[in-house]
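Chains as they are written, first to last, in this note's numbering: chain A, 1 to 313; chain B, 314 to 646.
Check each hint, because a few of them may be wrong.
[Claimed, not checked] With a cut-off of at most 27 Å between alpha-carbon atoms, the simulated DSS-like pairs for lysine-lysine come out as follows:
hint: 1; chain 1: A; residue 1: 70; chain 2: A; residue 2: 59
hint: 2; chain 1: B; residue 1: 400; chain 2: A; residue 2: 221
hint: 3; chain 1: A; residue 1: 223; chain 2: B; residue 2: 393
hint: 4; chain 1: A; residue 1: 223; chain 2: B; residue 2: 440
By construction, these hints were calculated from the structure, which means they are not laboratory data. It should be emphasised that the depicted structure is a prediction, and the values quoted were computed from it without experimental measurement.
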Amino acid sequence: MLGLIVRRFFQLLILLIGISLIVFMSMHLAPGDPAAIIGGPTASESDMEAIREDLGLNKPVLVQYFDYMKGVVQGDLGYSYQTNQAVTAAIITRFPNTFNLAIASMIVAVVIGVIAGIISAIKQNSWFDLSSTTIALAGISIPNFWLGSMLILVFSVTLGWLPVGGLNAPFYTLEGMKQLILPAITLGTASAAMIARMSRSTMLEVVRSDYIRTARAKGVKEKSVIWLHALRNAMIPVITVIGVNFGSLLGGTIITEQVFAINGIGRLMIDGIASRDFPVVQGTVLLVAALFVIVNLIVDIVYAMVDPRISYE
Amino acid sequence: MEQLLDVQNLKIQFRTGEGKLSPVRDISFQVHKGETLCIVGESGCGKSITSLSLMGLLPANGEIAEESFIKLDSDELTGKSQDELRKLRGNRMSMIFQEPMTALNPVFTVGYQLREPLYIHQKLSRKEANQKAVELLDKVGIPDPKKRVKQYPHELSGGMRQRVMIAMALACKPSLLIADEPTTALDVTIQAQILDLIEDLKQEMDMGIIFVTHDMGVVAEIADRVMVMYAGEVVEIGEVEEIFNHPKHPYTQGLLASVPNVEDDEHTLESIPGTLPNVNEKIEGCRFHPRCPLATEQCRKQAPPIFHVNENHTSKCWLQEEANINDKSTTTS
Ligand SMILES: Nc1ncnc2c1ncn2[C@@H]1O[C@H](COP(=O)(O)OP(=O)(O)OP(=O)(O)O)[C@@H](O)[C@H]1O
Ligand SMILES: [Mg+2]
Chain A
1 MLGLIVRRFF
11 QLLILLIGIS
21 LIVFMSMHLA
31 PGDPAAIIGG
41 PTASESDMEA
51 IREDLGLNKP
61 VLVQYFDYMK
71 GVVQGDLGYS
81 YQTNQAVTAA
91 IITRFPNTFN
101 LAIASMIVAV
111 VIGVIAGIIS
121 AIKQNSWFDL
131 SSTTIALAGI
141 SIPNFWLGSM
151 LILVFSVTLG
161 WLPVGGLNAP
171 FYTLEGMKQL
181 ILPAITLGTA
191 SAAMIARMSR
201 STMLEVVRSD
211 YIRTARAKGV
221 KEKSVIWLHA
231 LRNAMIPVIT
241 VIGVNFGSLL
251 GGTIITEQVF
261 AINGIGRLMI
271 DGIASRDFPV
281 VQGTVLLVAA
291 LFVIVNLIVD
301 IVYAMVDPRI
311 SYE
Chain B
314 MEQLLDVQNL
324 KIQFRTGEGK
334 LSPVRDISFQ
344 VHKGETLCIV
354 GESGCGKSIT
364 SLSLMGLLPA
374 NGEIAEESFI
384 KLDSDELTGK
394 SQDELRKLRG
404 NRMSMIFQEP
414 MTALNPVFTV
424 GYQLREPLYI
434 HQKLSRKEAN
444 QKAVELLDKV
454 GIPDPKKRVK
464 QYPHELSGGM
474 RQRVMIAMAL
484 ACKPSLLIAD
494 EPTTALDVTI
504 QAQILDLIED
514 LKQEMDMGII
524 FVTHDMGVVA
534 EIADRVMVMY
544 AGEVVEIGEV
554 EEIFNHPKHP
564 YTQGLLASVP
574 NVEDDEHTLE
584 SIPGTLPNVN
594 EKIEGCRFHP
604 RCPLATEQCR
614 KQAPPIFHVN
624 ENHTSKCWLQ
634 EEANINDKST
644 TTS
């Protein structure tokens, strides 16, 4: 297990170097001059030259890249062209919002997805099964921004139960939870649907297997047959789905944060892209990539804990 | 011998897309304490579902018909609730299956799976159950049981896993063990070891055993009595010597003729011509008559009842009636 973690750590390093290089290059090669944006429409050519000089943009791209990476290893992601704020600091203030949103969505997705999938499977072809598979199909196809807008319309504007947007109260307070509910549902629905479908199909397979018959032949209570003997096996492929979904969920935070006016990494990234704020874009992309790898590591570890046949020796 | 299991008019029904099917009809038999009853018959004749129905483990679309009656010791099983049956399973009746490779849960240790029936039926503590699990593994001939209880099924060979299954089934000392082709998936030497083990444990625990098999060699080795099934019906039941030496039903005779004979090189293999009829196929008269070399007009028209050959031997065949009549006339004259 330790070997796996060490190996993954090196993978993470290589991946981050690769991603940083790609992001760095594509930002610098893409049309749009940050100096022009910073200087504004009235800036003269010599003003812009001075800005480039100041930001180090006139050095060769590779030299700029190495300068940047030198900072990164020390935890310095550079300064925003727009606000002059340290990117590291900007990320640190916004990260908790995105993190809470992602975790809350994942909890929504896993709890609803697994429970609905399992009940669907053990009550195959019941009204519950039919409605849950139909809702799951809809859940996968509905775009996030539409679902988010509809939820706001119904629960915030019409019913007035929940706030329209924003995320500033701590998540453990009632206010914080109220703020988190709609974004978490918006972001978690597609994953919940995917997890429900996967749980249902693997559960259907597992309950027909020989070892489930063995468990019943031993006199195991039906509840334990399903929620212990079968669930543990059915979860093995579902864990992979959860891991993959966490990746797309991280991407989904961008839109969800826009819809619910949440000041998170996604908005930081979008604003950065719009204003050619290279350091901000690079910093946020690197963070998301790192998160992705870390989540996959966690998935691998959980996988090995659930399935004894897997060993990472 | 004391009677352990009494099955009367067992009929199994399945709800299917083609309507209600009864792949097993009107089966009656008994098992006594310390006795091995072998169930033989072609694939699909209903051996497995008969076994499963006794355990209350029929697939979700299956059920035992109203008119059936099953009694284990003094308890009537038919009419018991699902939960009452569950309390007997793994406790007073146990079952082992054909595929040792898939019959154990891959995500739990051997020890956990062995302790489970002890927790459920005997309310043992973890420590007591663990000690018992080690003893059980030792008893079924698994070396180094202390190490094995901590292992997962994938770390054990097929023969070992079947031994674990047997240990699990016998954990609570059941009075009835049902074994559905437990050695079919194993190679010959392992098969012989497992048969010996079952035989030893039967002696020791005075269990009744229902042993389902295709293999007449296995029957010869372990059976006390044999029940021959054809297309969901019992066609012949008798003591093993009787069945082998004086089979009465033409189907039993056909089955025995299709067994290779090691001692007799001249012996030619004859398989029974034709195939098992479909479950929902309507057949007038005896269900075996389309394949029977001795079928008469009567066989085509009227299903035979069960005739006694002697006290412990029955055959569901018109020929037996004839034989009985001839017998009577010879004894009276
Ligand atoms: N769930 C089910 N629904 C409908 N029919 C079934 C179901 N399960 C079994 N059957 C039918 O019951 C019949 C008997 O099946 P069973 O498994 O008992 O045969 P078997 O004698 O054990 O055969 P084998 O030697 O191949 O194990 C088969 O014809 C099968 O089609
Ligand atoms: Mg079978």
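So, going through the hints one by one against the coordinates:
| no. | hint | verdict |
| --- | --- | --- |
| 1 | A:70 to A:59 | holds, 15 Å |
| 2 | B:400 to A:221 | holds, 9 Å |
| 3 | A:223 to B:393 | holds, 19 Å |
| 4 | A:223 to B:440 | holds, 24 Å |
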